[in-house]
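Going down the list, the sequences are from chains Y and D.
The first sequence begins at 11 in our numbering and counts up by one.
The second sequence begins at 785 in our numbering and counts up by one.
Read the hints as simulated data drawn from the structure, not as lab findings.
Some clues are possibly wrong.
[Claimed, not checked] Simulated restraints on C-beta separations:
id : chain 1 : residue 1 : chain 2 : residue 2 : range
1  : Y       : 248       : D       : 905       : 23 to 29 Å
2  : D       : 830       : Y       : 52        : 31 to 37 Å
3  : Y       : 143       : D       : 884       : 42 to 48 Å
4  : D       : 880       : Y       : 224       : 53 to 59 Å
5  : D       : 830       : Y       : 79        : 39 to 45 Å
6  : D       : 877       : Y       : 45        : 28 to 34 Å
7  : D       : 793       : Y       : 119       : 41 to 47 Å
8  : D       : 968       : Y       : 53        : 15 to 21 Å
9  : Y       : 52        : D       : 886       : 28 to 34 Å
Just so you know, even glycine gets a beta-carbon here, dropped at the ideal spot from N, CA and C.
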Amino acid sequence: MSMFYNTYAIVLDSIDYGESDRIVKFYTIDYGKISGIAKGAKRSKKRFVNSLEPFSHVKLIFAQKPNAGLARVDQCELINGFHSIKKNIEIIAAASYFVELLSEMVREGQKNQKVFDLVLKFLKHLNDGKEPDTLTRFFEIRLLSMLGYLPHLDKCVVCKKLPDEDLKIYFSSAKGGVVCQSCITSAEPRVSISLGTAKSLSLAANASMEGLNRLILSSHAKKEGALVLEDFIKYQLGKELKSKKFMEKIKCEM
Amino acid sequence: MSYYAEPIMRLIQEFSKLPGIGEKTATRLAVHILNSSNGYAAALAKSLIDVKEKIKVCRECFNLSDKEICSICSDLDRRDDVVCVIEGINDLAAIEKTGGFKGKYHVLHGVLSPLKGIGPDDVKIMELVKKVEKGDIKEVIIATNPNVDGEATALYITKVLKSFNIKVTRIATGIPMGSDLEYIDAATLGMAIEGRREM
Ligand SMILES: [Zn+2]
Ligand SMILES: [Zn+2]
Chain Y
11 MSMFYNTYAI
21 VLDSIDYGES
31 DRIVKFYTID
41 YGKISGIAKG
51 AKRSKKRFVN
61 SLEPFSHVKL
71 IFAQKPNAGL
81 ARVDQCELIN
91 GFHSIKKNIE
101 IIAAASYFVE
111 LLSEMVREGQ
121 KNQKVFDLVL
131 KFLKHLNDGK
141 EPDTLTRFFE
151 IRLLSMLGYL
161 PHLDKCVVCK
171 KLPDEDLKIY
181 FSSAKGGVVC
191 QSCITSAEPR
201 VSISLGTAKS
211 LSLAANASME
221 GLNRLILSSH
231 AKKEGALVLE
241 DFIKYQLGKE
251 LKSKKFMEKI
261 KCEM
Chain D
785 MSYYAEPIMR
795 LIQEFSKLPG
805 IGEKTATRLA
815 VHILNSSNGY
825 AAALAKSLID
835 VKEKIKVCRE
845 CFNLSDKEIC
855 SICSDLDRRD
865 DVVCVIEGIN
875 DLAAIEKTGG
885 FKGKYHVLHG
895 VLSPLKGIGP
905 DDVKIMELVK
915 KVEKGDIKEV
925 IIATNPNVDG
935 EATALYITKV
945 LKSFNIKVTR
955 IATGIPMGSD
965 LEYIDAATLG
975 MAIEGRREM
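Only chain Y is shown next, with the shape it has when bound in the complex (with noise of 0.2 Å):
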């Protein structure tokens, strides 16, 4: 016997299946990441206008079958597609980043509420024409903080102590944050962050919502904390995301 769900959900990625289906994969506000089959989906725009495109926001109702692997989707209704994150390809990349980011980070089923305002709300930013790269360092820090993989940015994570003022720190993705100078081993993988970077990144993991919206970063911040974001999260995941690839694709051959 199949089961009903009703949710809401914004959609992770999206392919087309065979002749006339597409999967698609969804992060839903009661269930966590879901993957469904659309039947029919390519040949029929009516029943899914729209609304199967990645990032966009959806009412659905999906049947399930104990132990099935995949979902049926019954109905995807949009509530917004995102339309002016369409209109330019850089943030395109940033909206693509930011759900496979997700789904790389979420097993199938963890339902997570804070992480789905998360990404609903920064979608909405991203759509707002709010400045790509800042959202993005942001978006990452508070995903990994909500996922339980914020790295130690306030204290050595080797000493524990609170780095001098006036000593160099660095950044250890296998030790999971800041080593200061003493701490260092010279063979060490590491990246350079300042004092300044970390202390930002710390407060954007840390800040309320409208905390965050004041928070501004400079951009040394922003090219440092890009490089450190980038090391730690490959080094979580074992590998570099598609769209990541994908960004840097379109900006070398500008």
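Please build the complex by placing chain D with the ligands on the supplied structure of chain Y, with the hints as guidance.
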């Protein structure tokens, strides 16, 4: 299934590999071939081999053709200065059916896709730029699909063609002919209003 003789079995298996063909349909097709004339079977076999041996990609537009340059590119009645950019050859056929387009084509053989990791080097975009560089093209019409990947592709092409002094246009999206406004979804209607034309 062992009650079929081996050559029939083999044919059924080959048919089953085709998209949308299950074992039942495959069996029906195989029996149909068995019951038809020798000439028919030979002609079918020859067409299958010919399509693989004779079809190549047009040097100009990347359409499929049996010649170096396809029939559209070598058609003197078609305009050289308007190029319509499409994702694949199915789209070319669809636009040709309208009968309303008298320019040339450029087949990308794919679209950019951030989520699938498909970048500019994976589709024929640089080839389009080179074509435009020659200076004979006045307008490029981008007719990729109106979805995320199609839009990303259109935006990228617009960007790389920006430095050339040519017109870059995007096909209109909107309300299908014969439909009723009140039943159109908000996204489509919104795009139709945005892409309105003067009367
Ligand atoms: Zn230390
Ligand atoms: Zn041609």
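Verification of the hints:
no., hint, result
1, Y:248 <-> D:905: 23 to 29 Å, "25 Å, holds"
2, D:830 <-> Y:52: 31 to 37 Å, "33 Å, holds"
3, Y:143 <-> D:884: 42 to 48 Å, "43 Å, holds"
4, D:880 <-> Y:224: 53 to 59 Å, "56 Å, holds"
5, D:830 <-> Y:79: 39 to 45 Å, "43 Å, holds"
6, D:877 <-> Y:45: 28 to 34 Å, "33 Å, holds"
7, D:793 <-> Y:119: 41 to 47 Å, "43 Å, holds"
8, D:968 <-> Y:53: 15 to 21 Å, "19 Å, holds"
9, Y:52 <-> D:886: 28 to 34 Å, "30 Å, holds"
The structure fails none of the hints (numbered hints given earlier).
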